[in-house]
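*Asks:* For the protein sequence lines, the chains are A and B, in the order given.
Take 1 as the starting number for the first sequence in the UniProt record's numbering and just add one per residue.
Take 1 as the starting number for the second sequence in the UniProt record's numbering and just add one per residue.
Any given hint could turn out to be false.
Pairs involving identical chains hold if they fit within one copy or between any two copies, as the list cannot separate such chains.
[Claimed, not checked] Derived pair list, reagent style SDA-like, types lysine to any residue, alpha-carbon separation capped at 20 angstroms:
hint: 1; residue 1: K118; residue 2: P173
hint: 2; residue 1: K41; residue 2: R6
hint: 3; residue 1: K30; residue 2: D174
hint: 4; residue 1: K118; residue 2: H168
hint: 5; residue 1: K87; residue 2: L55
Rather than coming from a laboratory, the hints here were simulated on the basis of the structure.
Computed from a predicted structure; not experimentally measured.
Protein chains: 2
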Amino acid sequence: MGTRDRIIDAAEQAIHEYGIAGATTKRIAKQAACSEALLYKHFAGKEELFLAVLLERMPALAPALTRLRLGVGQGDLAANLVEFTGKALEFYTRAAAVAGGVLGDPPLMAGFRSMLAKHDLGPHLPIQALAEILRAEQQGGRIAPGIDPGAAASLLMGACFHRATLTHFVDLPDDDATWAASIVQTLFRR
Amino acid sequence: MGTRDRIIDAAEQAIHEYGIAGATTKRIAKQAACSEALLYKHFAGKEELFLAVLLERMPALAPALTRLRLGVGQGDLAANLVEFTGKALEFYTRAAAVAGGVLGDPPLMAGFRSMLAKHDLGPHLPIQALAEILRAEQQGGRIAPGIDPGAAASLLMGACFHRATLTHFVDLPDDDATWAASIVQTLFRR
Numbered sequence: 001m002g003t004r005d006r007i008i009d010a011a012e013q014a015i016h017e018y019g020i021a022g023a024t025t026k027r028i029a030k031q032a033a034c035s036e037a038l039l040y041k042h043f044a045g046k047e048e049l050f051l052a053v054l055l056e057r058m059p060a061l062a063p064a065l066t067r068l069r070l071g072v073g074q075g076d077l078a079a080n081l082v083e084f085t086g087k088a089l090e091f092y093t094r095a096a097a098v099a100g101g102v103l104g105d106p107p108l109m110a111g112f113r114s115m116l117a118k119h120d121l122g123p124h125l126p127i128q129a130l131a132e133i134l135r136a137e138q139q140g141g142r143i144a145p146g147i148d149p150g151a152a153a154s155l156l157m158g159a160c161f162h163r164a165t166l167t168h169f170v171d172l173p174d175d176d177a178t179w180a181a182s183i184v185q186t187l188f189r190r
Numbered sequence: 001m002g003t004r005d006r007i008i009d010a011a012e013q014a015i016h017e018y019g020i021a022g023a024t025t026k027r028i029a030k031q032a033a034c035s036e037a038l039l040y041k042h043f044a045g046k047e048e049l050f051l052a053v054l055l056e057r058m059p060a061l062a063p064a065l066t067r068l069r070l071g072v073g074q075g076d077l078a079a080n081l082v083e084f085t086g087k088a089l090e091f092y093t094r095a096a097a098v099a100g101g102v103l104g105d106p107p108l109m110a111g112f113r114s115m116l117a118k119h120d121l122g123p124h125l126p127i128q129a130l131a132e133i134l135r136a137e138q139q140g141g142r143i144a145p146g147i148d149p150g151a152a153a154s155l156l157m158g159a160c161f162h163r164a165t166l167t168h169f170v171d172l173p174d175d176d177a178t179w180a181a182s183i184v185q186t187l188f189r190r
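Make a model of the complete structure from these sequences and hints.
*Replies:* Now the structure itself:
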């Protein structure tokens, strides 16, 4: 395992244990058995390192979108969407703690925001990717013409992100599978 | 203005300036011109103080829900829901930084979670309140029978919470009013 991967693993572990606030580069470097100077050779700052954790260690969303894209026009659409909803929920449950920690730290947030803008990245992109898939399904006649694919993607992803955050704060009364089925059924009803 | 209100104002200001991580009781007490001991007479801990900020200084959601409840069966339902969506977006944009900061700090999160459970509170309650209103509108025939009111409430609130979080990270391409109209139109289409 290379140094870069060791550092990303150590960062993920530190975020899990101490939160973003306590995941200092000193702590991360020590856990990765490297110097802080070496850490900064691989990552310009905490922003870049946390982005790598999000993109490289919490990969449930990209493969789930790919699977949904490859399944356009095939199989049972409601079942495909319920499966995707479960994967999105799983991804956001892990990502929420990182995103939240960044949000709760104004200087880190400012750096993170600049970095995303510079690289044309952002947490809104998965909504756009889902909207494109829904548009393709609509063109194939499997989604009602009255649905705006962009709005439907915002609603579905938003519900998953919100629920993932809620589960950190409270024990929800209903189980995820029942919830996912009712969300998909209500949103895509014909 | 009483001491309690001064402390809550100071906490809101400190969260805005330094984030949850930097909003120490020392800093808050100094800003409120009181001792830390006096702060702890009013609030058992940061958890209670931050909850008071959420409930007493960011009140856009409760009045918006009341307005929607009082409007059941009256006026233009889509317009009422679009107005509510705007208010929810406004509330969550301010609340996201507090919720995120709590999420990013595991010990604070654990305390916050226990406190919510003890008082039967939680960020899922507004979804339940919205679901009841939607159920009443459905019984009055203004919402399609195929809609599950609980699922629709999850979708609408989730989309608002997600978008509010996204706006902290990136400049979104579409404006809020257009977005709110398309969300309501897609979700409640007949």
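*Asks:* Now, for every hint given, state plainly whether the structure supports it.
*Replies:* Hints, verified against the model:
In the homo-oligomer, the alpha carbons of K118 and P173 lie at most 20 angstroms apart only across protomers (16 angstroms), although the nearest pairing inside one protomer, at 41 angstroms, exceeds that limit. Taking identical chains as interchangeable, the C-alpha atoms of K41 and R6 lie at most 20 angstroms apart only when both belong to the same chain, with a minimum of 14 angstroms there against 46 angstroms between chains. In this homomeric assembly, K30 and D174 never come within 20 angstroms of each other (Cα to Cα): the closest approach is 42 angstroms inside a single copy and 44 angstroms across copies. Within a single copy, K118 and H168 get their C-alpha atoms only as close as 31 angstroms, which misses the 20 angstroms cut-off; across copies the closest is 15 angstroms, which meets it.
In the homo-oligomer, the alpha carbons of K87 and L55 lie at most 20 angstroms apart inside one protomer (15 angstroms), although the nearest pairing across protomers, at 32 angstroms, exceeds that limit.
Checked against the numbered hints listed earlier, the structure breaks hint 3 alone; every other hint is satisfied.
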